[in-house]
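Between the sequences and the hints, there should be enough to build the whole structure, so can you do that?
Just so you know, the sequences run in chain order A and B. First residue of the first sequence? That's 44 in the numbering used here, and the numbers climb one at a time after it. First residue of the second sequence? That's 228 in the numbering used here, and the numbers climb one at a time after it.
Worth flagging that the hints you see were computed from the coordinates, not collected in a lab. Accuracy of the hints is not assured; some may be wrong.
[Claimed, not checked] What the simulated footprint calls covered on chain A by chain B, stretch by stretch (three residues with Cβ under 8 Å from a Cβ of chain B suffice, anywhere in the stretch; the number is not a length):
| hint | region |
| --- | --- |
| 1 | 56 to 67 |
| 2 | 186 to 195 |
| 3 | 294 to 307 |
| 4 | 326 to 339 |
[Said to hold, decoys possible] Covered stretches of chain B (in silico footprint by chain A; criterion: 3 or more residues with CB under 8 Å from a CB of chain A, positions within the stretch not fixed):
| hint | region |
| --- | --- |
| 5 | 369 to 375 |
| 6 | 466 to 480 |
| 7 | 483 to 495 |
| 8 | 505 to 512 |
[Stated by the list, open to error] One side of the interface only, derived from the structure: several residues of chain B facing chain A at Cβ under 8 Å:
| hint | residue |
| --- | --- |
| 9 | L382 |
| 10 | V384 |
| 11 | A386 |
| 12 | V459 |
| 13 | N515 |
| 14 | D519 |
Cβ atoms here follow ideal geometry from the backbone N, Cα and C, with glycine treated the same way.
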Amino acid sequence: MMMRMVWQRVGIGLATLWVVSVIVFIATSILPGDVAQIVLGQSATPETLAALRAELGLDQPGYIRYFSWLGNMMTGDLGISKAGGATISSLIGGRLGNTLMMAGWVSVISIPISIALGLWAAMHPGTWLDRIVTFGTLSLISVPEFFIATVAVLVLAVELHWLPSTAYMTGEESFWQLMKALAMPLITLVIVVSAQMIRMTRAGILNVMSSPYIEMAILKGVPRGRIIMRHAFYNAIGPIVNVIALNLAYLVSGVVIVETIFAYPGLAKLMIDGVQTRDLPLVQACAMIFCGTYVVLILLADIGSILSNPRLRNPK
Amino acid sequence: MTEQTASKKEEEVLAELDSFAELPDAPPKRKFRLSWLGWLSVGIVVFWLLICLIGPSIAPFHEMDMEGDDSFLDAYSGEYGTFYLGTDYLGRDTLSRILFGARNTIGISLAATLLAYLMGITLGILAAVKGGWIDMGISRVNDAILALPTIMLGLIVIAALGSSIPILIGTAAVIYATSVFRIARALGQDIMVQDFVEAAHVRGEGIWWIIKSEVLPNAAMPLATDFGLRLVFVVLFISSLSFLGLGVQPPASDWGSMVRENLQGLTYGSYAAIWPALAIASFTIAVNLIVDDVSAKSGGSLAKKMV
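See below:
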């Protein structure tokens, strides 16, 4: 029963990935203006255009191009960048590592903070401390990521001179220099991601708190802190795991803004540069990586909530 | 095929918050009584909407006038007039650009949200009322779009089509119509099985009459509150794209691109990037607080999406 549901979700995830590839391909390929025209620009003659189209395989019908594109991507051949002619895999390589490192640090820092603050707010609902957390996180999720980043630069870099305002990296820093360079983007992303997770952790716990067995515990006189730690928390783990995975997925969009603002050499910055120069093969590859990661994280959240549900784990 | 992935989450969150509203310490149910914070927020939103209408006529300078003495100056009075919020990276008056920019930022977002609602509600109610393969078809496409990060969709479309105001409005509208569709469809399905709809059927009323007189009035209130949340998302989406240099193109002023343009000034201690960012924040926070207030005081079934 449970394994069947898990496999079903995996199947849905794969199907979603396939649909994503179709959307990315259609959006970037069937739209007006073809790559040959862009590459040749003013110097285009009908002959050179036709030659370049044949070379790029643009003279073939859409579905054949789609399948060859998909096949190449599966085997790791991401194509050649239109700007500069480097292979996309070589462009992406180091950048992907940088972005993953950032995402890793953000998760390590923000998950414990969010769960602790969310639990803490749920233990004291209606108090002014809870109100501050609720109001603060609502405000933080209402403002754009670049607002938080701008204020962070103003306070920490300009006024206090604690941290550099860009995340420039040469690749030869010591660990502490690296941490210092990463600090601003990390702080911004942790704030962005945590605000959402705190709200959902709090809501998840309060939701469990309204069930009858908690009422029973209250009536028999168990202190509130103990009720949350011993009774509510374990039953809220499922929703909370879900929230964590969803918010790491939310990192995908946060990372786009943060890498741009701090000039961090990550994958998202590469993609934005690609969009600005309309380097479609590069945009396609980056979009597939981001959307793929997103779909996989959502899938993990889904499976996590199945596995953490005792009713599904122990079928009758 | 992607239905469960995106929609399960949403429904779980909805369910969670529904019960959250029933907590003993939830505020009592009242109708349209806002707290002082709510009224303050209404004031801020009305203020910015007014600025959209009259901003350009009360601005001391034109948005493209480069009449400041230098770039990144603090507030000062010069031979051309007073620069209340200082100048930006080209020596233009920051205050005037914010007043002009309100029209772009809020105007484009409002247009996109309205368009999203038009598409979302039409298709959502259609899917709910008709059911069958129409429902299946629209829902599948919808779920596929919902399964992607919005900013990625925006980037892909802009990479392919370039950026212009109609494309921005269209892209944002299509992306956010997907969530409106989900809500409208769910509401429609709920209402369609109610007794009074069945009674109308039995009376022999036509399908359009039922939609017009039974379904829409009952779906109106939840949709109205959701409009606020959706508007916030669209404002954030449009300003993020502008901030990346892919939204509203210079020299037109827009809050998101103003932050980007003046970012370098931060290191010289110029606040030119902070003011437009504050403008966005004041608008979005105010809208969210109103939604929060209204839904907390009217039974809590509305502000769930934002959690």
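So, going through the hints one by one against the coordinates:
Given as covered by chain B, the region 56 to 67 of chain A passes the check, having 7 residues with a CB less than 8 Å from a CB of that chain where 3 are the minimum. Check on the region 186 to 195 of chain A: 7 of its residues sit with their Cβ under 8 Å from a Cβ of chain B, so the three-residue criterion for coverage holds. As drawn, the region 294 to 307 of chain A meets chain B at 6 residues by the rule of a beta-carbon pair under 8 Å; at three or more, the given contact holds. Residues of the region 326 to 339 of chain A with a Cβ under 8 Å from some Cβ of chain B number 6, which satisfies the need for three, so the listed coverage holds.
Residue count for the region 369 to 375 of chain B with a Cβ under 8 Å from a Cβ of chain A: 4. That meets the three needed, and the coverage hint holds. Against chain A, the region 466 to 480 of chain B contributes 6 residues with a C-beta closer than 8 Å to a partner C-beta. That satisfies the three-residue criterion, and the hint holds. Look at the region 483 to 495 of chain B against chain A: 6 of its residues bring a Cβ nearer than 8 Å to a Cβ of that chain, three or more, so the hint holds. Judged by the Cβ-Cβ criterion of 8 Å, the region 505 to 512 of chain B is covered by chain A as claimed, because 5 of its residues qualify and three suffice.
For L382 (chain B), the interface hint holds, the least distance from its beta-carbon to any beta-carbon of chain A being 5 Å, beneath 8 Å. Against a cut-off of 8 Å between C-beta atoms, the interface hint on V384 (chain B) holds, since the closest Cβ of chain A lies about 6 Å away. Satisfaction of the interface hint for A386 (chain B) is found here, the shortest Cβ-Cβ separation to chain A being roughly 4 Å, below the 8 Å cut-off. At its closest, the beta carbon of V459 (chain B) sits 6 Å from a beta carbon of chain A; the interface hint therefore holds under the 8 Å criterion.
For N515 (chain B), the shortest C-beta to C-beta distance to chain A is roughly 4 Å, which falls under 8 Å, so the interface hint holds. A cut of 8 Å between beta carbons decides the hint on D519 (chain B): the least distance to chain A is about 7 Å, and the hint holds.
Checked against the numbered hints listed earlier, the structure breaks none of them; every hint is satisfied.
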